[in-house]
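S.K.: These protein sequence lines map, in sequence, to chains G and B. The numbers in our numbering rise by one with no breaks, and the one at position 56 of the first sequence is 56. The numbers in our numbering rise by one with no breaks, and the one at position 115 of the second sequence is 115.
If you are wondering where the hints come from, they were derived from the structure by calculation, not from laboratory data. Treat the hints loosely; a few may be bogus.
What the hints assert, rightly or not - With a straight-line Cα cutoff of 20 Å, these simulated EDC-like cross-link-like pairs (lysine to aspartate or glutamate) come out:
#1 K101(G) with E7(G)
#2 K181(B) with E7(G)
#3 K49(B) with E251(B)
#4 K49(B) with D254(B)
#5 K59(B) with D254(B)
#6 K59(B) with E184(B)
#7 K101(G) with E251(B)
#8 K49(B) with D63(B)
#9 K101(G) with E13(B)
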Amino acid sequence: MRRSLGERLWAIAVWALVGFFVINLLAMIGSVLVNSFATHWFNTWLPAGYTGQWYSLAWNEFGLPDILLVTVEVVGAVVVLSGLIGVPAAYAMARRNFPGKQAVMLLFLLPLLVPPITYGIPLATVLYRAHLAGTINGVILANLVPTVPFVILIMIPFVEQIDPRVEAAARVFGAGIGRLFVQVLVPLLTPGILAALLLVLVRTVAMFELTFLTSGPTSQTLVVALYYAVFAAGVRPGQSVDAMAVVYMITTLVWLLIALRFVNPSQIVTRAKQ
Amino acid sequence: MSARLSLRRRLRERGLDAVTLLVLPAVVTVLALFVYPFLYGLMLSFQPKEGGALANYAKFFSDPFLYNTIGITLWIAIPATLLNVVLSIPVALRVRLMRSQRLLTTILVIPITLGTVMVAEGLLTYLGPRGWLNRTLLFFALTDSPVRLVHNYWGVMLSLVITGFPFTFLLTLSYVTGIDKSLEQAGAMLGARARQRFTRILLPLLAPGLAITLALAFVQAFTVFPSAILLGAPAGPTRVISIVAYQAAFEQYDYPLASAIAMLMAGVQVVIIVALLAARTLVFRGPASTGKG
Numbered sequence: 001m002r003r004s005l006g007e008r009l010w011a012i013a014v015w016a017l018v019g020f021f022v023i024n025l026l027a028m029i030g031s032v033l034v035n036s037f038a039t040h041w042f043n044t045w046l047p048a049g050y051t052g053q054w055y056s057l058a059w060n061e062f063g064l065p066d067i068l069l070v071t072v073e074v075v076g077a078v079v080v081l082s083g084l085i086g087v088p089a090a091y092a093m094a095r096r097n098f099p100g101k102q103a104v105m106l107l108f109l110l111p112l113l114v115p116p117i118t119y120g121i122p123l124a125t126v127l128y129r130a131h132l133a134g135t136i137n138g139v140i141l142a143n144l145v146p147t148v149p150f151v152i153l154i155m156i157p158f159v160e161q162i163d164p165r166v167e168a169a170a171r172v173f174g175a176g177i178g179r180l181f182v183q184v185l186v187p188l189l190t191p192g193i194l195a196a197l198l199l200v201l202v203r204t205v206a207m208f209e210l211t212f213l214t215s216g217p218t219s220q221t222l223v224v225a226l227y228y229a230v231f232a233a234g235v236r237p238g239q240s241v242d243a244m245a246v247v248y249m250i251t252t253l254v255w256l257l258i259a260l261r262f263v264n265p266s267q268i269v270t271r272a273k274q
Numbered sequence: 001m002s003a004r005l006s007l008r009r010r011l012r013e014r015g016l017d018a019v020t021l022l023v024l025p026a027v028v029t030v031l032a033l034f035v036y037p038f039l040y041g042l043m044l045s046f047q048p049k050e051g052g053a054l055a056n057y058a059k060f061f062s063d064p065f066l067y068n069t070i071g072i073t074l075w076i077a078i079p080a081t082l083l084n085v086v087l088s089i090p091v092a093l094r095v096r097l098m099r100s101q102r103l104l105t106t107i108l109v110i111p112i113t114l115g116t117v118m119v120a121e122g123l124l125t126y127l128g129p130r131g132w133l134n135r136t137l138l139f140f141a142l143t144d145s146p147v148r149l150v151h152n153y154w155g156v157m158l159s160l161v162i163t164g165f166p167f168t169f170l171l172t173l174s175y176v177t178g179i180d181k182s183l184e185q186a187g188a189m190l191g192a193r194a195r196q197r198f199t200r201i202l203l204p205l206l207a208p209g210l211a212i213t214l215a216l217a218f219v220q221a222f223t224v225f226p227s228a229i230l231l232g233a234p235a236g237p238t239r240v241i242s243i244v245a246y247q248a249a250f251e252q253y254d255y256p257l258a259s260a261i262a263m264l265m266a267g268v269q270v271v272i273i274v275a276l277l278a279a280r281t282l283v284f285r286g287p288a289s290t291g292k293g
């Protein structure tokens with residue numbers, strides 16, 4: 001099929017648009033990276049000199065060791081808990097038809113459709129009344145709201161792929177639900193569980209709103225600490241804020257790259273087959 | 001014993017057995033941490049610090065400093081949403097023809113993963129008066145003095161494009177790849193030009209997906225928060241509704257007022273989503289996807 005001149009021009013225009021977007025995106029990341037190593041950078045394309053001092057400054061001044069520890073604790077707990085709660089629920093949703101299943105499905109869809117800041121403010125209020133806000137436990141609880149339904153929606157198609165006769169055979173040989181899960185389902189579901197939990201990990205590292213609304217001075221994760229660093233820009237050299245931003249970028253992007261070995265990039269957006 | 005067994009059996013026939021109970025922990029989690037706080041917030045919004053049950057809402061709609069935030073937020077969210085979705089359609093239609101989409105989709109998923117705070121810091125460096133963008137504009141003599149793109153409306157708008165366009169694009173791409181290619185080929189064989197194939201075949205088939213994309217993209221843009229503070233002018237042109245809700249809760253400690261504002265945010269979102277989904281049922285003309293999608 002020969003394409004007309006107009007169609008070819010249109011194709012070029014569309015690709016130019018994509019290229020323009022990607023170039024600006026990479027330049028945005030690149031300028032943060034370059035600035036974090038700059039001694040000083042004024043009216044030139046590149047900084048006058050390079051140094052690694054901003055990283056040690058950020059490491060000490062922002063208290064990065066503590067922040068990273070909190071981040072690991074929060075993310076680890078959220079990943080484990082949402083897996084433990086979400087995977088069995090996905091199994092039940094995939095295998096059983098029960099009255100009110102539609103309503104339960106809607107219940108799981110809502111926290112993914114409603115943006116975090118909308119439900120985060122009432123949730124933070126409740127957690128403050130329960131004296132949980134400001135603590136690591138409060139942050140973990142708040143982060144479970146989007147991650148548990150997320151795990152369920154990702155896992156349902158994975159469960160549906162398993163032949164029910166495999167489970168029936170295990171039941172015939174006398175396996176209870178516990179053994180069925182540990183010895184049959186979890187090994188078969190490993191790719192799905194890895195994909196779901198890695199995506200939960202990436203999302204929780206980057207989850208700003210819920211953590212911001214429910215954390216206190218000792219329960220900040222990296223992204224919240226980065227927000228406060230940018231918010232108070234001017235107090236510290238811009239390069240040390242960018243150094244912290246680079247630490248944050250590396251933390252998220254490493255896990256993103258690992259996650260992308262198991263999932264399609266578009267799955268991060270479309271959440272699950274609906 | 002037999003009565004118990006038959007009850008269990010009857011329950012099982014309705015799909016309720018031990019396996020079904022595995023859904024309970026997740027249901028309890030969402031009920032306790034999502035539904036209950038929402039209802040609690042709704043109740044709390046009718047128990048203002050002073051005045052009658054509706055005092056919080058009356059306060060919101062009588063103080064221009066508060067009610068103007070709805071207009072300000074819509075003034076940012078609607079153009080950003082439309083721009084992202086309108087740009088996504090031609091790009092997704094083009095990318096669907098690519099054999100290997102993986103590199104492009106991986107690059108585009110980066111800003112979504114980094115999140116709004118990181119994008120705000122990146123744009124502050126990149127769009128600032130001494131950043132690479134202004135340097136390029138000055139180099140090519142496209143401007144005499146640096147263009148101001150941060151700490152104003154445009155900073156927030158650009159951050160919504162950087163994080164929002166990849167989102168709408170990936171969503172649109174997943175809907176576009178669900179459309180059977182032979183439908184378009186049939187159109188071409190019957191002599192339809194590219195424009196006609198788009199308006200007569202692709203667009204009607206894409207409409208239901210586009211309605212969902214628009215709804216999700218709008219809801220995200222409407223709740224813009226960190227970039228409105230970091231990249232915008234949070235005291236004026238980008239004083240969005242989430243900022244006043246946050247300030248009411250965590251600066252004035254007026255939780256009832258904050259809850260009322262959060263409920264109004266949810267209300268605007270619901271109105272827009274219902275309107276879009278209602279429009280979707282008006283234009284929906286039957287299933288278009290063929291297995292894939």
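S.K.: All hints are to be evaluated individually against the structure, with a verdict given for each.
M.R.: Against the structure, the hints come out as follows:
Note on K101(G) and E7(G): the hinted pairing is violated, with a Cα-Cα distance of about 48 Å set against a maximum of 20 Å. In summary, the hint linking K181(B) to E7(G) is supported, as the alpha carbons are separated by about 18 Å, within the 20 Å threshold. The suggested pairing of K49(B) with E251(B) holds, with an alpha-carbon distance near 15 Å, which does not exceed 20 Å. Restraint check for K49(B) and D254(B): the C-alpha separation of about 7 Å stays at or below 20 Å, so the hint holds.
The hinted pair formed by K59(B) and D254(B) meets the criterion: a straight-line CA distance of about 12 Å does not exceed 20 Å. Straight-line distance between C-alpha atoms of K59(B) and E184(B) comes to about 55 Å, which puts the hinted pair past the 20 Å bound. Under the criterion of a C-alpha separation no larger than 20 Å, the hint pairing K101(G) with E251(B) is inconsistent with the structure, at around 41 Å. Distance check on the hinted pair: K49(B) and D63(B) sit about 17 Å apart at the alpha-carbon level, within 20 Å; holds.
Restraint check for K101(G) and E13(B): satisfied, since their Cα atoms lie roughly 15 Å apart, inside the 20 Å limit.
Violated hints, in rising order: 1, 6 and 7; the structure is consistent with all others.
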